[in-house]
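Using the hints, position chain B against chain A.
2 protein chains.
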Amino acid sequence: MLRIGIDLGGTNIVAGVVNDEYEIIAKAKTPTAIPRTPEEIFDDIAMVCKQAMAEAGVTISDIYSVGLGTPGTANAEGVIEYANNLGFDHVPAKEMLIERLGCDKVYIENDANCAALGEAYAGCGNGAKDFVAVTLGTGVGSGIIVDGKIVSGTNRAGGECGHSVIVVDGEPCTCGRKGCWEAYASATALINQTKAAMEKYPDSVMHDLAKEEGKVSGRTAFDAMRRGDIAGIKVVDTYIKYVACGLINLVNIFQPEVICIGGGICNEGETLLRPLRRYIESERYSVYSKIQSKIVRAELGNDAGLIGAAILEG
Amino acid sequence: MLRIGIDLGGTNIVAGVVNDEYEIIAKAKTPTAIPRTPEEIFDDIAMVCKQAMAEAGVTISDIYSVGLGTPGTANAEGVIEYANNLGFDHVPAKEMLIERLGCDKVYIENDANCAALGEAYAGCGNGAKDFVAVTLGTGVGSGIIVDGKIVSGTNRAGGECGHSVIVVDGEPCTCGRKGCWEAYASATALINQTKAAMEKYPDSVMHDLAKEEGKVSGRTAFDAMRRGDIAGIKVVDTYIKYVACGLINLVNIFQPEVICIGGGICNEGETLLRPLRRYIESERYSVYSKIQSKIVRAELGNDAGLIGAAILEG
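Chains as they are written, first to last, in this note's numbering: chain A, 1 to 314; chain B, 315 to 628.
Calculated directly from the structure, the hints in this document are not laboratory data.
One or more of the hints may lead you astray.
Claimed, not checked - Some chain B residues well away from chain A (every beta-carbon gap over 12 angstroms; in silico):
{"id": "1", "residue": "Ile-338"}
{"id": "2", "residue": "Lys-343"}
{"id": "3", "residue": "Thr-344"}
{"id": "4", "residue": "Pro-349"}
{"id": "5", "residue": "Thr-351"}
{"id": "6", "residue": "Lys-419"}
{"id": "7", "residue": "Ala-442"}
{"id": "8", "residue": "Glu-474"}
{"id": "9", "residue": "Val-479"}
{"id": "10", "residue": "Thr-502"}
{"id": "11", "residue": "Gln-569"}
{"id": "12", "residue": "Ser-603"}
{"id": "13", "residue": "Gly-615"}
Claimed, not checked - Part of the chain B face toward chain A, derived, beta carbon under 7 angstroms:
{"id": "14", "residue": "Val-481"}
{"id": "15", "residue": "Val-482"}
{"id": "16", "residue": "Leu-587"}
{"id": "17", "residue": "Leu-590"}
Stated by the list, open to error - For lysine-lysine, the following BS3-like pairs were computed, each having C-alpha atoms within a straight-line distance of at most 27 angstroms:
{"id": "18", "chain 1": "B", "residue 1": "Lys-443", "chain 2": "A", "residue 2": "Lys-129"}
{"id": "19", "chain 1": "A", "residue 1": "Lys-129", "chain 2": "B", "residue 2": "Lys-463"}
{"id": "20", "chain 1": "A", "residue 1": "Lys-241", "chain 2": "B", "residue 2": "Lys-608"}
{"id": "21", "chain 1": "A", "residue 1": "Lys-178", "chain 2": "B", "residue 2": "Lys-443"}
{"id": "22", "chain 1": "B", "residue 1": "Lys-525", "chain 2": "B", "residue 2": "Lys-604"}
{"id": "23", "chain 1": "B", "residue 1": "Lys-443", "chain 2": "A", "residue 2": "Lys-211"}
{"id": "24", "chain 1": "A", "residue 1": "Lys-241", "chain 2": "B", "residue 2": "Lys-463"}
{"id": "25", "chain 1": "A", "residue 1": "Lys-294", "chain 2": "B", "residue 2": "Lys-492"}
{"id": "26", "chain 1": "A", "residue 1": "Lys-195", "chain 2": "B", "residue 2": "Lys-343"}
{"id": "27", "chain 1": "B", "residue 1": "Lys-525", "chain 2": "A", "residue 2": "Lys-149"}
{"id": "28", "chain 1": "A", "residue 1": "Lys-149", "chain 2": "B", "residue 2": "Lys-555"}
{"id": "29", "chain 1": "A", "residue 1": "Lys-178", "chain 2": "B", "residue 2": "Lys-463"}
Since the structure is predicted, the reported quantities are computational estimates derived from the model, not experimental observations.
For each residue, glycine too, the CB sits at the ideal point set by N, CA and C.
Only chain A is shown next, with the shape it has when bound in the complex:
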């Protein structure tokens, strides 16, 4: 059985034909080129789907279903209610895809949720039915899978673990709350924490590293730590403690089989994951339970969303 997965991003539209082993057997891509009208964008979505099918040597009659991962929130009727970076306001995505592709099984879902589903089934989750994906990037994204299905709640806007407060009255968050996990554990937050430490420690090697790279990045403090820099070590320790805090909250709520860490910061690999596992092991509720969540790195990279979109079901 073949399915089409579409990853609609702010930069590119990617569509792929996915087989039963969750492998992408053909893929096509075009720039999203915003700002454009939804009609123009959906014309291009249909075009890349057709290109991917042509490359796979199949037609729409060979396709069981089509899934689209989109920024923002898609409702139960397949309408993208709101997607800020695409300028979408109540775009009837499902209807527009059915019209353009002639396939009636069409599913629309938030992109972070698609990526979580993809990793759970085809990536680091290895088929885990209870799974949480966390992305440490510009923000803290997340997708939750319970019993093999995406958790998005009654208005399909759920799964926003990054907007859980971990410090009452703490750092302001882009969402309007104060003290969200995102405001402490995103790459953006790490960069702010690094800059603050650099001001406090004018002799830190972080100044040299930032100069070399041309900017302070999510790697600056980690690189400084690897050189034994005290300020770097402090920044990384504190940052990892914040990441762990939110992860333990999720363990205590979901006790997932696997927690997947993605996003830019996950490139630190075991440097990040090992201390996270230690925190979780010592603070999870209850520490007596023999079965523990595995903490692993995301595997599928940019393909996660496309594969997850292909797996979507009604």
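What follows is chain B alone, placed relative to chain A:
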């Protein structure tokens, strides 16, 4: 179709026969009388089940299934792995019930999860499929229903929202972490917050109220607030802010149809619920979503766990 629900508590064992309308048509009760051996306790559980069936005028052949709500954690095999207050350590509850009752459809589940299921189907949830129950009592208990089923994770120990940190490095919690929601939003926490305010405000009417009642309780600050006492108002405002913080975290993760508030503090009714709704409305992610979680008071009281246990399925 008739089912049996059993509420195994530290004080009493209650069993009831429940019909398709989730009504308890007969009920029986006996003291748990701990400490006793699991065998003695399960003999009494079987006895109250038989008493309830006799009162309903039915026999075990009329019963479709039997569900038991227990403190602690029950695993997928129906073994109660650990229940501190009962002194249970790996008690094969399912097997012991099958043996004693002669019914093969037997389900064992944590009591807070049963209570959530009961409220979702038969109480304030009014059949809501996405539902979160929060109990503000000695601790902060919770039970989560997604797509009509209890969320308890891979080791069945999940749903512990009270042990989510809302204040990094905050008040110590009984679970070993620091800054858990439970350490700020439980009745116990409210009492501690009230006592701290009484020390700071020797002229507060809370001193008189506590003297009248013979102790500081979860009601002291609320009663003082109703009399216009500044210190009482401060305590209640801060307490409600903490409760709201954790609730908004849950809204952002689950976007449930209904959030049910139970436990001693919920007796404050709208005095508690109205400001909670205001907080949630202004901070939920995203505030643009038209569909909002309803915040309501638990309806079923002590019957929630029994009815929920009767609804359990494999």
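Do the hints match the structure? See the list:
Every CB of chain A lies more than 12 angstroms from the CB of Ile-338 (chain B), the least distance being 29 angstroms, so the non-interface label holds. With 12 angstroms as the threshold on Cβ separation, the claim that Lys-343 (chain B) sits away from chain A holds: the shortest Cβ distance comes to roughly 30 angstroms. The Cβ of Thr-344 (chain B) lies farther than 12 angstroms from every Cβ of chain A, with a closest approach of about 29 angstroms, so its non-interface assignment holds. No beta-carbon of chain A is positioned within 12 angstroms of the beta-carbon of Pro-349 (chain B); the least distance is around 20 angstroms.
Residue placement check: Thr-351 (chain B) keeps its beta carbon more than 12 angstroms from all beta carbons of chain A (closest about 22 angstroms). Distance to chain A confirms Lys-419 (chain B) as a non-interface residue, since its nearest Cβ pair spans about 20 angstroms, more than 12 angstroms. Distance check for Ala-442 (chain B) against chain A: the nearest CB is about 8 angstroms away, which does not clear 12 angstroms, and the non-interface claim fails. With a cut of 12 angstroms on Cβ distances, Glu-474 (chain B) falls inside the contact zone with chain A, its closest approach being about 4 angstroms.
Here Val-479 (chain B) does not stay apart from chain A, with its beta-carbon only about 5 angstroms from theirs, under the 12 angstroms limit. With a minimum CB-CB distance of about 17 angstroms to chain A, Thr-502 (chain B) clears the 12 angstroms threshold, and the non-interface call stands. Annotated as non-interface, Gln-569 (chain B) brings its C-beta within 12 angstroms of a C-beta of chain A; the closest such distance is 3 angstroms. Against the 12 angstroms criterion, Ser-603 (chain B) falls within the reach of chain A, whose nearest CB is about 5 angstroms from its own CB.
No Cβ of chain A comes within 12 angstroms of the Cβ of Gly-615 (chain B); the nearest lies about 25 angstroms off, and the non-interface call holds. Taking 7 angstroms as the C-beta cut-off, the interface hint given for Val-481 (chain B) holds, the closest approach to chain A being about 5 angstroms. A cut of 7 angstroms between beta carbons decides the hint on Val-482 (chain B): the least distance to chain A is about 5 angstroms, and the hint holds. About 19 angstroms separates the beta-carbon of Leu-587 (chain B) from the nearest beta-carbon of chain A, more than 7 angstroms, and the hint is not met.
Interface restraint check for Leu-590 (chain B): the shortest CB-CB distance to chain A comes to about 15 angstroms, outside 7 angstroms, so the restraint is violated. At roughly 19 angstroms between alpha-carbon atoms, Lys-443 (chain B) and Lys-129 (chain A) fall within 27 angstroms of each other, so this suggested pair holds. Our distance criterion of 27 angstroms between C-alpha atoms is met by Lys-129 (chain A) and Lys-463 (chain B), whose separation comes to about 14 angstroms. The suggested pairing of Lys-241 (chain A) with Lys-608 (chain B) is violated, with an alpha-carbon distance near 34 angstroms, which exceeds 27 angstroms.
Only pairs whose Cα atoms come within 27 angstroms are accepted, and Lys-178 (chain A) paired with Lys-443 (chain B) is rejected, the gap being roughly 30 angstroms. Taking the CA atoms of Lys-525 (chain B) and Lys-604 (chain B), the gap is near 47 angstroms; set against the 27 angstroms cutoff, the hint is violated. Straight-line distance between C-alpha atoms of Lys-443 (chain B) and Lys-211 (chain A) comes to about 54 angstroms, which puts the hinted pair past the 27 angstroms bound. Pair hint Lys-241 (chain A) plus Lys-463 (chain B) does not hold up; C-alpha atoms about 33 angstroms apart against a cutoff of 27 angstroms.
Proximity of Lys-294 (chain A) to Lys-492 (chain B) is assessed by CA-CA distance (about 23 angstroms); at most 27 angstroms being required, the pair is judged to hold. Of the pairs offered as hints, the one joining Lys-195 (chain A) and Lys-343 (chain B) is violated, with about 64 angstroms between alpha carbons and a cut-off of 27 angstroms exceeded. The straight-line distance between the Cα atoms of Lys-525 (chain B) and Lys-149 (chain A) is roughly 54 angstroms, outside the 27 angstroms bound, and the hint therefore fails. The hinted pair formed by Lys-149 (chain A) and Lys-555 (chain B) fails the criterion: a straight-line CA distance of about 33 angstroms is larger than 27 angstroms.
Distance hint between Lys-178 (chain A) and Lys-463 (chain B) is unfulfilled; the C-alpha atoms sit about 32 angstroms from each other, more than 27 angstroms.
When the structure is compared with the earlier hints, violations turn up for hints 7, 8, 9, 11, 12, 16, 17, 20, 21, 22, 23, 24, 26, 27, 28 and 29 and for no others.
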